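Chemist: Make the full structure from the sequences, and use the hints.
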Amino acid sequence: MHVEEKLTAETFPASPEKATLEGKNKFLGFWFFLGGETVLFASLFATFLALRDKTAGGPTAEELFKLPLVFVATMLLLTSSLTSVYAMYHMKNFDFKKMQLWLGITVLLGASFLGLEIFEFSEYVHEGHKFSTSAFSSAFYTLVGLHGSHVAFGLLWILTLMIRNAKRGLDLYNAPKFYVASLYWHFIDVVWVFIFTVVYLMGMVG
Amino acid sequence: MSTVARKKSLIWDYLTTVDHKKIAILYLIAGGIFFIMGGIEALIIRIQLAVPNNDFVSAGFYNEVLTMHGTTMIFLAATPLLFALMNAIVPIQIGARDVAFPFLNALGFWLFFFGGLFLNCSWFLGGAPDAGWTSYASLSLESPGHGIDFYVLGLQVSGFGTLISGINFLVTIVNMRAPGMTYMRMPLFTWTTFVASALILFAFPPLTAGLLLLMMDRLFGGNFFDPALGGNTIIYEHLFWIFGHPEVYILVLPAFGIFSEIIATFSKKRLFGYSSMVFAVVLIGFLGFMVWAHHMFTTGMGPIANAIFAVATMAIAVPTGIKIFNWLFTMWGGNIRFTTPMLYAIGFIPSFVMGGVTGVMNATAPADYQYHDSYFVVAHFHYVIVGGVVLALLAGTHYWWPKMFGKMLSEKLGKLTFWLFFTGFHLTFFIQHFLGLMGMPRRVFTFLPGQGWETGNLISTIGAFFMAAGTIVLLINIVITTVKGKKAEADAWGVGRTLEWAVSSPAPEYNFAQTPLVRGLDAFWVEKMEGKKGLTPAEPLGDIHMPNPSFLPFVISLGLFIASFGFMYYKDYSWGLMVGIVGLLITFGAMFLRSVIDDHGYHIHKEEIIEAEKKGAKA
Amino acid sequence: MANHTNSGNPNVDLAYRRKKNAEDMKHQVISFALMIFLTLIAFFAVGYDQFSPWFSVPFIVLLAAVQVVFQLYYFMHMSHKGHELPALFLYGGVFVAFLTIWAFMTVVWW
Chain A
1 MHVEEKLTAE
11 TFPASPEKAT
21 LEGKNKFLGF
31 WFFLGGETVL
41 FASLFATFLA
51 LRDKTAGGPT
61 AEELFKLPLV
71 FVATMLLLTS
81 SLTSVYAMYH
91 MKNFDFKKMQ
101 LWLGITVLLG
111 ASFLGLEIFE
121 FSEYVHEGHK
131 FSTSAFSSAF
141 YTLVGLHGSH
151 VAFGLLWILT
161 LMIRNAKRGL
171 DLYNAPKFYV
181 ASLYWHFIDV
191 VWVFIFTVVY
201 LMGMVG
Chain B
207 MSTVARKKSL
217 IWDYLTTVDH
227 KKIAILYLIA
237 GGIFFIMGGI
247 EALIIRIQLA
257 VPNNDFVSAG
267 FYNEVLTMHG
277 TTMIFLAATP
287 LLFALMNAIV
297 PIQIGARDVA
307 FPFLNALGFW
317 LFFFGGLFLN
327 CSWFLGGAPD
337 AGWTSYASLS
347 LESPGHGIDF
357 YVLGLQVSGF
367 GTLISGINFL
377 VTIVNMRAPG
387 MTYMRMPLFT
397 WTTFVASALI
407 LFAFPPLTAG
417 LLLLMMDRLF
427 GGNFFDPALG
437 GNTIIYEHLF
447 WIFGHPEVYI
457 LVLPAFGIFS
467 EIIATFSKKR
477 LFGYSSMVFA
487 VVLIGFLGFM
497 VWAHHMFTTG
507 MGPIANAIFA
517 VATMAIAVPT
527 GIKIFNWLFT
537 MWGGNIRFTT
547 PMLYAIGFIP
557 SFVMGGVTGV
567 MNATAPADYQ
577 YHDSYFVVAH
587 FHYVIVGGVV
597 LALLAGTHYW
607 WPKMFGKMLS
617 EKLGKLTFWL
627 FFTGFHLTFF
637 IQHFLGLMGM
647 PRRVFTFLPG
657 QGWETGNLIS
667 TIGAFFMAAG
677 TIVLLINIVI
687 TTVKGKKAEA
697 DAWGVGRTLE
707 WAVSSPAPEY
717 NFAQTPLVRG
727 LDAFWVEKME
737 GKKGLTPAEP
747 LGDIHMPNPS
757 FLPFVISLGL
767 FIASFGFMYY
777 KDYSWGLMVG
787 IVGLLITFGA
797 MFLRSVIDDH
807 GYHIHKEEII
817 EAEKKGAKA
Chain C
826 MANHTNSGNP
836 NVDLAYRRKK
846 NAEDMKHQVI
856 SFALMIFLTL
866 IAFFAVGYDQ
876 FSPWFSVPFI
886 VLLAAVQVVF
896 QLYYFMHMSH
906 KGHELPALFL
916 YGGVFVAFLT
926 IWAFMTVVWW
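Chains as they are written, first to last, in my numbering: chain A, 1 to 206; chain B, 207 to 825; chain C, 826 to 935.
Be aware that a few hints might be false.
[As the list claims (entries may be wrong)] One side only, chain B facing chain C, incomplete, derived with CB under 10 Å:
id, residue
1, His444
2, Trp498
3, Phe773
4, Val788
[Stated by the list, open to error] In silico DSBU-like cross-links for lysine-lysine, where the CA-CA straight-line distance does not exceed 35 Å:
id, chain 1, residue 1, chain 2, residue 2
5, C, Lys845, A, Lys18
6, C, Lys906, A, Lys24
7, C, Lys845, A, Lys6
8, B, Lys690, B, Lys777
9, A, Lys6, C, Lys906
10, B, Lys693, B, Lys777
11, C, Lys851, A, Lys177
12, C, Lys906, A, Lys98
13, C, Lys851, A, Lys66
14, B, Lys690, B, Lys618
15, B, Lys739, A, Lys24
16, C, Lys845, A, Lys130
Treat the hints as calculated values from the structure; they're not laboratory data.
Predicted model only: the values in this text are computed from it and were never measured.
From the three backbone atoms N, C-alpha and C, an ideal C-beta is built for every residue, glycine too.
Modeler: Here you go:
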């Protein structure tokens with residue numbers, strides 16, 4: 001099966017992301033990468049947990065965090081995970097237009113999440129919770145900020161894919177690329193589930 | 207579409223190559239240069255310590271040399287030199303035409319290269335890092351100047367390269383194996399590469415995290431390690447050793463693999479206890495993640511933590527012991543040929559066992575309170591790293607040189623290198639056990655007379671010069687071989703067992719004209735025993751798909767190199783931030799180009815392959 | 826061409842695959858609903874303010890773990906065939922992650 005071949009819904013394989021050797025390699029390599037990312041984030045989570053009450057006179061987690069804001073951010077990101085699942089669903093059905101549409105929605109949700117996070121950070125800075133305020137504040141901004149930069153990278157990545165492939169549609173060359181980008185997006189969501197639990201909710205509990 | 211007979215300059219060819227065999231040569235050259243630099247640093251250390259009260263170098267410069275010796279040897283010499291052998295051999299050993307990600311393979315090399323280059327720029331820009339190769343936070347936060355910043359940024363860049371290479375090897379070994387090459391038919395070097403790559407995948411992120419936190423503290427006003435604002439320097443120690451201990455296995459497992467190949471080949475026997483060897487490698491890799499805190503027994507983690515980590519550490523002696531016995535049993539009753547690689551293998555076994563025994567001694571937590579920070583520890587880890595890894599690198603270089611370059615290294619000079627290096631190694635480090643037990647602390651730039659350390663230190667210094675002489679002989683050997691060496695056969699040693707010996711030396715661009723069918727462990731040996739000259743093909747002769755060369759890996763890495771300078775100087779100079787951003791733009795711009803430009807590769811036509819194979823057979 | 830078919834008629838297979846994908850998608854939506862539900866419970870458990878931390882902390886961590894299992898096995902298709910090695914390496918990462926966090930919560934106390 002040639003990668004550039006024009007395909008129809010009938011000839012499009014059931015698992016387009018793994019139909020070529022390149023696709024198989026990308027798929028596996030990216031999962032391995034996510035295994036490594038798990039450890040990277042775990043190192044920062046561990047550091048945060050060791051330093052979460054070392055506020056050195058600065059604001060504490062309980063004083064800072066506002067549950068409604070975090071809740072909205074969480075809903076945005078969780079929903080964007082579902083919309084990217086929809087995108088992959090339409091990819092498997094060889095419906096390029098709908099895939100692009102759902103990816104677009106995903107990007108919008110992700111961008112709103114990112115905007116909300118930037119707003120949140122600027123609020124904190126106004127309240128005297130700067131990066132260099134305390135060990136707690138450094139750990140907080142590094143962990144949540146690294147997640148945020150993953151979101152930003154993911155947005156640029158998905159946008160690049162959407163624009164690059166807008167005219168040519170789906171083939172076996174770009175299907176694995178879309179699939180891997182969606183895996184990345186889900187992983188960002190996985191990390192966020194632990195961030196809202198460990199950083200925000202546990203911070204409110206004390 | 208026909209392949210253009212592309213004539214390019216040699217330099218441009220290597221700057222853009224994505225061929226794993228050429229990347230192997232790049233790794234060998236770069237790693238070799240760093241190895242020599244690390245060796246010169248070692249000589250400076252030994253000259254300074256040759257006699258008491260010496261003033262060959264100042265205390266401050268000694269700290270820089272000592273730090274750079276450790277950092278260079280581990281990150282910029284040992285790891286890349288292993289990558290050189292892995293790149294050259296593993297794809298061929300599994301019957302593959304290429305690695306899974308040729309582009310990323312090149313990117314991994316250039317990231318490592320620019321990271322190492324950045325680190326060594328420190329010598330000319332205000333002084334090298336000086337807080338030891340571990341760069342513990344409490345000490346490294348206080349270090350003035352930019353030395354530590356070079357360490358932090360350079361190792362992050364090269365660390366990305368290592369991680370990328372690790373993932374590339376994992377996927378290559380999983381997905382690219384030839385038909386019939388089941389997991390339990392993979393040569394031991396491939397197996398150890400696989401496990402070492404998995405360790406890289408899980409061990410380098412904690413290092414990246416630790417360096418990131420250190421960078422935040424030093425450059426961007428973070429407080430992770432500043433106790434006055436609630437920070438905790440023990441966090442850095444943990445993160446460093448969660449990486450640092452597996453790193454030892456990342457280095458030594460491939461070394462085990464190299465010796466397993468050499469011992470089986472030159473004993474003319476299949477490896478004794480193959481499956482237990484595989485099992486032992488996987489078990490060592492697994493246990494390797496549960497022992498890191500044995501580097502920190504004296505930080506006061508408490509008796510329970512110390513006991514757990516002590517017992518876990520000692521457990522590693524069991525799979526390692528399995529391997530030692532298997533090597534001995536492979537040689538037992540074998541038809542042994544004492545070639546240069548085999549001499550290294552035989553020398554390795556007792557040397558490494560000594561390193562292992564002192565390892566168990568160090569693992570005994572109460573006793574470690576005595577050994578800690580003394581020359582006993584220095585002796586221990588040099589027995590493991592030099593006696594294990596460096597001997598393996600030298601052995602592997604001699605063993606696979608014909609496969610990489612098509613010419614046989616001189617056996618006479620090779621054996622001379624071995625005897626000089628091996629004698630020098632034991633002279634240098636054996637005595638250090640006793641220096642340590644007599645109370646000599648590590649990382650001191652000089653010592654006072656009258657403590658009974660004079661003779662020991664002098665002997666140690668003499669030994670270092672023997673190792674240097676051995677290395678010089680190797681370099682001479684390489685030059686002579688390159689100029690007028692004997693052309694190597696495909697099966698260069700005549701007793702090759704694995705697939706790499708079935709293809710011409712050096713291997714053609716596409717490795718195998720026809721993907722081979724693997725019919726057992728030691729696939730090439732199986733064919734030879736049936737009286738066949740070549741391998742059994744698994745496919746008809748046809749066009750071969752090849753990846754396009756690319757300059758982008760170089761550009762991506764160069765961008766990070768530039769950005770590192772910018773962010774290091776952003777507080778000192780107004781141009782700093784600008785340069786940092788420009789560097790990142792170059793990197794991301796190149797990544798963007800990679801993303802939007804389709805790269806379908808090209809094909810080598812059947813006729814060209816037939817032509818090339820004919821030429822290869824004649825030579 | 827490998828088409829993963831058994832009937833030989835591409836249109837029938839297409840219909841079959843579409844149906845299977847749609848069914849898959851139904852599971853995805855159900856797991857999404859469950860994830861939202863779990864999130865709501867977690868926020869509620871914290872916002873309610875009457876539970877002791879000794880209950881609510883392990884409880885919300887458990888909810889997070891369950892939710893992540895949904896993400897991995899449904900959204901990221903780890904329940905499908907051909908995910909043995911991805912699972913192995915992901916759990917390898919989880920193992921090291923667990924060791925790291927466990928160590929930082931027990932033996933880092935200064």
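Chemist: Hints first: check each against the structure and report whether it holds.
Modeler: We went through each hint and held it up to the structure:
1. Interface restraint check: His444 of chain B against chain C, minimum CB-CB distance 6 Å, threshold 10 Å, status holds.
2. Taking 10 Å as the C-beta contact cut-off toward chain C, the hint placing Trp498 of chain B at the interface holds, the least distance being around 8 Å.
3. Interface restraint check for Phe773 of chain B: the shortest CB-CB distance to chain C comes to about 27 Å, outside 10 Å, so the restraint is violated.
4. Here the hint on Val788 of chain B is broken, as its CB sits about 34 Å from the closest CB of chain C, past 10 Å.
5. With a CA separation close to 18 Å, the supplied pair Lys845 of chain C and Lys18 of chain A stays within the 35 Å bound.
6. Of the supplied pair hints, the one linking Lys906 of chain C and Lys24 of chain A holds, its CA atoms being roughly 13 Å apart against a limit of 35 Å.
7. For the given pair, Lys845 of chain C sits about 24 Å from Lys6 of chain A by alpha-carbon distance, which is consistent with the 35 Å threshold.
8. Under the criterion of a C-alpha separation no larger than 35 Å, the hint pairing Lys690 of chain B with Lys777 of chain B is inconsistent with the structure, at around 54 Å.
9. For the proposed pair Lys6 of chain A and Lys906 of chain C, the alpha carbon gap of about 27 Å is at most 35 Å, so the pair holds.
10. Proximity of Lys693 of chain B to Lys777 of chain B is assessed by CA-CA distance (about 57 Å); at most 35 Å being required, the pair is judged violated.
11. Between the alpha carbons of Lys851 of chain C and Lys177 of chain A the distance comes to roughly 24 Å, so the proposed pair stays at or under 35 Å and holds.
12. Between Lys906 of chain C and Lys98 of chain A the CA atoms are separated by roughly 26 Å; this keeps the pair inside 35 Å, and the hint holds.
13. For a cut-off of 35 Å, the pair hint linking Lys851 of chain C to Lys66 of chain A stands: about 34 Å separates their Cα positions.
14. For the hint pairing Lys690 of chain B with Lys618 of chain B, the CA-to-CA distance comes to about 15 Å; that is within 35 Å, so the pair holds.
15. With a CA separation close to 34 Å, the supplied pair Lys739 of chain B and Lys24 of chain A stays within the 35 Å bound.
16. The suggested pairing of Lys845 of chain C with Lys130 of chain A is violated, with an alpha-carbon distance near 51 Å, which exceeds 35 Å.
Of the numbered hints listed earlier, those contradicted by the structure are 3, 4, 8, 10, 16.
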